[in-house]
Amino acid sequence: MMINLSNYALGHIVLALEMSHLANFFAVLILLSMGTLLFLVKNYALPKSFYALSALLSTSLFLIVYAADYLLFFIGWEVMSITTYFLLSFSVSQKTLHKYIIFAMSSALALFIAILMIYSTQQSFLYSDARESFELMGEFQGVFFLVLILFAIFVKLGVIGFHYWLVDAYEEAHDIFTAFLSAVLSKMGVYALIILVVKVTQPMLALAIIGVMTSIIATFKAIQEDSVKRVLAYSSIAQLGYIVTVLGVADGMSGALYHSLIHTAVKLLLFINIAGVIYMTGRDKFSQLGGLIYKMPQSFVLLLIGIIVLAGMPPLGGFSSKFLIYSALLDTKYLLLLSGVMFSSASAFLYIYKLIYGVYLGHPSHKKLESAKEVSLSFLLPQYLLAFILITLGTFPALIVPYINEILLESSLTTLSFTHAGELISAFAQFNGLIVMSAFGTIFVLVVIFFVSTRSKAKEAKNRFDIAYCGEEPDESTHLHYGYSMGKELARVGILRAIIKNSSSHFYEYLGKQTLSFAELFRKIYSGKLSVNFNIAILFLLLLLWGSLR
Amino acid sequence: MEEGFLLEQKTLEGDLNSETSHQSSVDFLMNWFRKRSIFVLAYGTGCGAIEMPPTFTSRYDAERLGIRGAATPRQADVIIVSGYCSYKTLRRIIRTYEQMSNPKYVLALGSCTVNGGMYWDSYNTIKKLEDYLPVDMYVNGCMPRPESILEGFIELQKEIGAGKASSWQKYEENHEFYRKNQEAVLGEKVEPSYEADWYLYEGGL
Amino acid sequence: MFEFFNSPEVINIIVIIGSMLLFFVGLFGLLTQKHIIKIFMSIAIMETAVYLFFIGSLFKLDAIAPIMKVADDTSKFNDPIPHAMILTAIVIAMAVFALGVSFAIEYYKLSGKTNIDTMNEMRH
Amino acid sequence: MILLELLLMLLVAYGVGFLYYGLYRNITARFQRRFGPPLWQSFFDSIKFFLKEESTSHGWMFYLGPIIMMSGAITTLFFIPFFKETTNFSGLSSYGNLFVVLYLLVLGPLGNALGVGTGGNPFGAMGVTRGLSRLFALELPFYIAVIAIMSLSGSADISEIAAHQSTMYALAYPLLFIGALFSFIGMMGQSPFDVVGAPVEVYSGPASEFSGKFLALLMSQSAIYTFAKLVLMVNLFLGGAQGFLELLLKTFVLFLFVISFGSLYGRFKTPQSIDFLLKVPTTIAVIGLILATWS
Amino acid sequence: MSSVLFVALPLLFGFSTPILGYFGKNAVAYVSTLMQLFLLYLGFDLLLNEGFSIELISIAPPLGISFVVTKVSLLFVLLFTSVMTLFSLYYLSYRSEKPYRDESKFFILINMLLAASIGLVLSSDIFNIYVFFEIAGISAYILSAYEKSSSALEAGIKYLITGAVASIFLIFAIVLIYIYIGSLNLGIIAQHFELLPFQIKLLISILLLIGFGFKVEIFPLNFWVSDVYQGSSTLVNALFSAIVVKAYLFVFFHLLYLFLPHGEFSLFLIYLGAFSMLAAEVAGLRQSHLKRLFAYSSLGQVALVFTAFALQNTQAIQAALFIVLAHSVAKMGIFFALALIEKEHESMESETLKSLNSPFLRVILLISMLSLLGIPLFAGFVGKLLVLKSLALEGMLPIIMMIILASLIEAVYYFKLAGYMFTSDKRRDVLKVTWAHKTILAFLSLLLLIIGMAPFLLSEYLFEASKLMLGGVS
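Going line by line, the protein sequences match chains A, B, C, D and E. Its first residue numbered 1, the first sequence is counted upward by one per residue in the numbering used here. Its first residue numbered 1, the second sequence is counted upward by one per residue in the numbering used here. Its first residue numbered 1, the third sequence is counted upward by one per residue in the numbering used here. Its first residue numbered 1, the fourth sequence is counted upward by one per residue in the numbering used here. Its first residue numbered 1, the fifth sequence is counted upward by one per residue in the numbering used here.
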């Protein structure tokens with residue numbers, strides 16, 4: 001369905017909206033996030049403007065998704081960036097906010113240049129003309145166009161090197177909004193990548209390589225962090241790295257879409273969970289949390305489901321999308337890239353374990369955690385919903401394949417074959433989620449029955465200090481929570497040290513400093529002595545005269 | 001005709017297997033497994049600890065009898081109190097002993113554990129281990145050679161096989177007696193009595 | 001002996017060269033002088049140079065004043081427009097300089113400064 | 001029928017696993033000029049622990065940890081076919097593929113890690129951290145080799161990969177095999193990559209808080225896991241097997257190699273092992289991959 | 001009804017002030033405002049009745065004042081009149097708390113400014129343009145130095161010096177034109193200009209560029225602007241950026257289109273404009289004084305308009321007109337709001353925004369800044385989009401990138417201010433804004449939103465206007 005808006009536009013610009021299956025897919029992601037996050041809202045005393053801005057943000061997101069031309073897309077993109085700025089401003093420090101807006105504006109403006117380049121070749125902003133316009137561009141222009149577009153998208157996705165703003169913003173944003181940032185706003189980057197790059201150009205190996213690098217580096221960065229939200233932020237970057245990778249190869253769209261859905265759901269789940277923890281304890285660092293499992297058992301189980309999905313473990317939904325990604329890479333013979341992705345995926349276990357250990361397991365690192373109680377139903381309900389989705393997608397991995405196929409058909413890509421909901425069939429292999437799930441479940445139940453019925457009886461430890469501790473008797477002053485320093489020793493490995501210790505922030509800080517001193521030069525000229533200014537003017541004009549006469 | 005090492009092994013195992021008793025078959029099987037597999041806590045409490053490494057390594061190879069080391073008290077069946085036992089060590093020994101799972105056994109080495117030995121008038125050493133922990137097997141000597149320790153183990157295994165080694169039950173039954181003695185030496189707080197009651201587990205399986 | 005000066009071309013050239021010299025004298029003053037009043041003077045010199053240039057380059061020796069009653073032959077008239085323009089311009093320039101000087105005086109009263117380069121109240 | 005087959009698979013794995021463990025202990029003893037314990041000593045140990053009067057638990061997640069690990073081990077086993085070119089003893093492998101197995105291999109340890117974390121013993125968490133830190137470096141060469149194999153066989157199905165080998169991949173692509181073998185040594189918990197459960201340093205690491213039947217369950221799953229990994233390795237690199245005898249032979253050879261290697265080397269520290277694994281085996285595997293797929 | 005009224009009425013009012021002053025200060029203020037409202041009515045009347053005309057007030061045939069009212073000049077007249085009316089209305093409420101010194105003179109000056117600006121736009125005689133150029137200049141100098149503080153006087157002096165130099169170059173150009181063409185009427189000059197030798201054309205063009213360059217604040221000639229904005233009183237700055245510059249810009253490009261219809265120097269001017277924009281925004285990056293900051297932002301916006309005009313095609317001119325409107329409205333909003341803040345906080349450092357406790361003013365400042373930035377939904381975006389679109393059609397990628405880079409830098413410092421306004425916790429007491437001020441400020445912001453959301457309301461008229469402007473009706 002296409003709506004032509006040219007009656008309301010300026011000049012000769014044709015604007016249009018279109019309800020494609022792809023757009024609907026991303027709209028569902030937006031709705032899912034908004035629906036689940038709305039449960040949480042009543043726990044926080046949010047100002048009215050927060051709701052107003054959120055409404056505006058959602059509008060802009062739908063505009064992005066349903067736009068059928070670059071101009072409306074850009075308008076949505078820019079409004080989204082600005083609205084995000086003000087939503088961030090409720091809790092984020094000035095420095096982070098400033099970082100965010102510089103990156104967001106750079107992204108938006110780079111996008112602007114790019115769409116103007118598209119426009120200049122065929123005088124049309126419409127998606128339908130984009131491919132042709134791109135082919136009409138010269139080689140240099142084409143490359144430049146791609147660089148701009150990719151810059152814009154990478155900033156939004158937080159691809160390593162462009163993530164300078166992202167982690168701080170995620171950490172400091174309001175808990176609800178962090179979830180939204182990770183679940184939805186980053187998906188807009190994915191959508192943009194599909195619309196602006198994948199549909200316009202041939203598959204790009206460079207994109208895939210960048211994606212793999214991103215996921216690997218972000219994973220190691222995540223391992224080093226102490227703040228829960230920062231770990232999740234880096235994890236978002238890494239997960240989006242997979243999507244970028246798979247979009248860089250042929251026929252990767254199915255994996256990208258599937259992973260977008262899974263990532264949205266799982267990040268919502270994780271961020272809501274962590275929001276609950278922060279709401280209850282007021283702490284958001286691994287070194288300040290710990291041992292909450294018996295205080296918040298439901299939250300623990302939900303987080304457990306979340307991290308199993310995040311790790312991409314088989315019985316749950318995370319594996320389904322990873323499977324499609326791996327198959328796509330294997331199918332296109334990008335074997336080293338595939339090993340990179342699997343490497344990053346394996347490295348992720350460390351921070352994933354840290355995530356659950358640091359918060360829920362081990363020992364409480366402070367007496368204050370005693371007052372923690374299970375979070376209210378408003379936190380739990382959305383998590384149960386999301387967990388249900390994720391478990392369902394693990395058990396019936398092919399449940400959404402028909403919908404994905406419609407999107408693939410629309411983009412004239414090869415579709416996935418479909419037999420029944422339990423069996424996910426990629427180009428390379430297939431697996432039956434139903435069998436995996438039921439096999440594991442049955443075995444688990446049998447082992448439990450066997451174990452409970454053995455002669456030996458499990459007796460509960462007297463208290464949490466009753467641990468084998470070399471004959472010593474630990475007490476409250478003993479540091480028993482290990483979550484803080486988990487993974488720190490990786491910095492001692494030469495190869496990994498390069499990843500962990502280096503940071504793009506040095507580069508950006510240097511760039512900022514140089515820009516400012518350059519600005520200082522101009523400021524000095526503008527605030528200089530009048531006679532000097534006259535001299536400069538005369539010089540400039542003489543130069544000009546000489547130039548014109550030549 | 002076998003000789004040397006193999007003969008020795010056979011003799012030892014023969015000793016182990018020769019024991020017959022009047023237990024029910026379930027108990028017999030259970031005790032048989034218990035005696036064939038003994039995990040010894042790797043904890044050198046006194047000077048006799050020096051004799052343990054040769055016992056467990058290639059020279060004397062206790063593993064051929066199913067005796068091997070365990071790192072943590074949770075996994076151990078036997079704790080060896082190797083010689084004199086200062087008050088400081090005693091606290092840790094008791095702590096460790098209480099963390100071991102039933103059934104658990106105590107093997108005491110040397111004369112110091114019997115009556116204080118050469119430390120009979122020390123201000124800082126217990127004299128009679130029996131007052132503080134129930135001991136299953138004493139191995140005499142100062143210090144006992146690894147052969148003696150192995151022999152002690154075999155005797156312990158026999159006891160276990162016969163279902164007679166039950167010091168852990170004794171400890172539970174006479175807990176007050178032991179606790180009194182322990183407190184007399186170590187002061188009021190022997191077992192850590194944590195005031196942190198704000199973190200007690202609720203329920204559990 | 002200076003007859004040739006009477007030819008209009010020569011006079012025009014002299015006037016043009018002279019006024020240009022004057023213009024650059026003024027420009028030089030504008031760029032090098034620091035005293036406010038001197039700067040105003042330099043600007044005035046530049047302005048005068050332009051007026052001179054205008055009048056001088058359209059000046060005809062044998063023409064008469066453009067007054068209808070004196071003669072009917074308008075082709076002999078000097079062009080009146082430059083004069084009118086220049087008069088207007090002089091009046092305006094006059095006003096501007098008066099204003100400028102009054103500003104300078106007020107400023108001097110307030111801050112005691114006459115040097116344009118030390119006028120840096122606003123250096124942000 | 002399938003249930004019977006699965007039960008048989010489980011019994012075979014359980015038995016052979018403990019047998020191999022016994023052999024391992026004996027062979028190691030011989031390396032150390034010792035006599036070594038009886039062949040079934042590990043089995044006795046595990047039964048003894050099952051028969052302990054009591055075992056300490058630290059809440060329900062601690063209780064579930066070893067259970068998840070056991071379930072993971074059994075599930076993994078069921079998704080690995082024992083033989084190639086036949087559906088006998090193929091378990092559930094037709095419903096899964098190599099990717100499923102690769103992840104199932106990690107599922108159990110991660111589940112157990114939760115139990116360890118709940119136990120509250122910092123040494124346990126330390127051990128888990130060491131394991132997870134080492135894990136990614138360990139898996140990388142293996143992944144590279146496996147990916148190359150999948151690409152060469154054109155399939156992610158294990159029995160198809162096994163059937164696809166006219167000459168076994170270990171001989172056809174030795175570099176890949178060597179790379180994977182390093183990982184395999186680590187996956188089997190052998191020196192030099194056995195820093196995870198170092199008994200003295202970190203109080204036997206993840207296992208430090210497990211007593212009695214928990215430990216027994218862990219020992220049993222370890223036997224099953226070991227056999228499952230060996231079968232997987234045989235299927236992937238050694239051309240699979242067509243009968244029990246071939247399977248036992250191949251697995252035993254592989255096992256013998258691994259334990260011999262393990263007895264000869266000392267222990268790497270965590271950073272050392274990561275460093276080594278990321279440098280040597282990975283490079284070997286990458287070269288192997290490039291050589292194998294270059295065309 | 002004559003278009004001369006637009007010039008005559010304010011001037012007449014100016015000279016009758018001594019008489020009005022007899023009735024008291026309020027009389028002057030209210031009569032002035034009423035007069036401006038009347039002018040506004042006249043303007044809209046002309047607009048609705050399509051009363052476009054050429055009017056000659058002849059002294060003798062070559063001599064005379066001719067006023068041309070076309071769609072485009074009427075647009076500017078309306079803009080100036082409405083800006084001035086809003087200014088007066090705003091000031092009526094403002095003066096009760098902090099009136100200007102010697103108010104009746106102030107009203108003379110602003111009316112002179114209005115008259116001169118309208119005269120600049122309407123007149124089609126180059127010498128008249130010079131005269132109005134000077135009148136506007138003189139009133140602007142005095143307005144800038146009006147507060148008689150040392151910084152105000154410094155601003156006035158600098159403004160005056162540069163203005164005087166500019167006028168020399170302008171009159172030089174006029175002199176040359178007269179010497180070579182012999183006429184002052186724009187139409188006649190336009191017909192003959194093409195026939196001039198190239199060197200003369202170049203010389204005249206450069207002299208005009210320098211003369212107007214000072215006034216349209218183009219790169220090497222705009223160093224005085226920041227000082228003048230900072231020294232002048234905040235309210236008056238609204239006039240400077242909404243009226244004075246716009247009038248000069250219009251005249252400059254009007255002359256350019258007449259004299260050089262084929263765009264001989266177009267490319268050069270485009271580069272000059274884009275570079276000016278970049279330079280101004282870069283200079284603004286390190287600025288902490290609010291008035292000075294917005295002076296740089298004005299420089300940037302004006303340079304953008306300059307670039308758009310220099311493109312010399314109808315679409316670009318339409319875009320330029322959009323920016324002119326959006327910029328005037330936004331800058332009015334900003335300076336009106338800043339005036340209130342300055343009155344309350346007695347400081348114009350950007351840090352004062354941290355303690356600003358008035359959500360209303362914050363939102364007004366924000367909307368105006370977003371519009372200046374060219375964020376979608378606000379008026380500024382339409383103009384910027386159209387400019388960039390026409391640049392894209394010409395294939396001028398480097399220019400687009402310069403403009404985008406400048407916008408980025410602009411965004412950096414605007415959002416620094418926004419950050420001050422929206423993240424700080426230490427606020428002062430509530431700043432009370434009277435309803436009159438609120439109405440005017442809300443009206444301005446609403447206007448930005450309406451233009452931004454529904455540009456098609458204006459686009460038709462502006463397109464016609466730009467065609468006329470390019471066609472060069474004189």
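Quick caveat, the hints were computed from the structure, so don't treat them as lab data. One thing to keep in mind: the hints can contain errors.
As the list claims (entries may be wrong) - Output of the computed footprint for chain A on chain E, the stretches with three or more beta carbons under 8 Å from beta carbons of chain A: (1) 214-224; (2) 285-292; (3) 339-352; (4) 384-395.
All C-beta atoms in this analysis are idealised placements derived from N, C-alpha and C, irrespective of residue type, glycine included.
Test coverage of the segment 339-352 of chain E by chain A using CB-CB distances below 8 Å; three residues minimum. violated (count 0)
Please check whether the segment 384-395 of chain E has three or more residues whose CB lies within less than 8 Å of a CB on chain A. This one holds; 8 residues, not fewer than the three required, reach chain A with a Cβ under 8 Å.
Are there at least three residues in the segment 285-292 of chain E whose beta carbon sits under 8 Å from a beta carbon of chain A? holds (count 3)
Examine the segment 214-224 of chain E for residues whose CB is less than 8 Å from any CB of chain A, and state whether their number is three or more. It holds: at least three residues are needed, and the segment 214-224 of chain E offers 5 whose Cβ sits within less than 8 Å of chain A.
The earlier numbered hint that this structure contradicts is number 3, and it is the only one.
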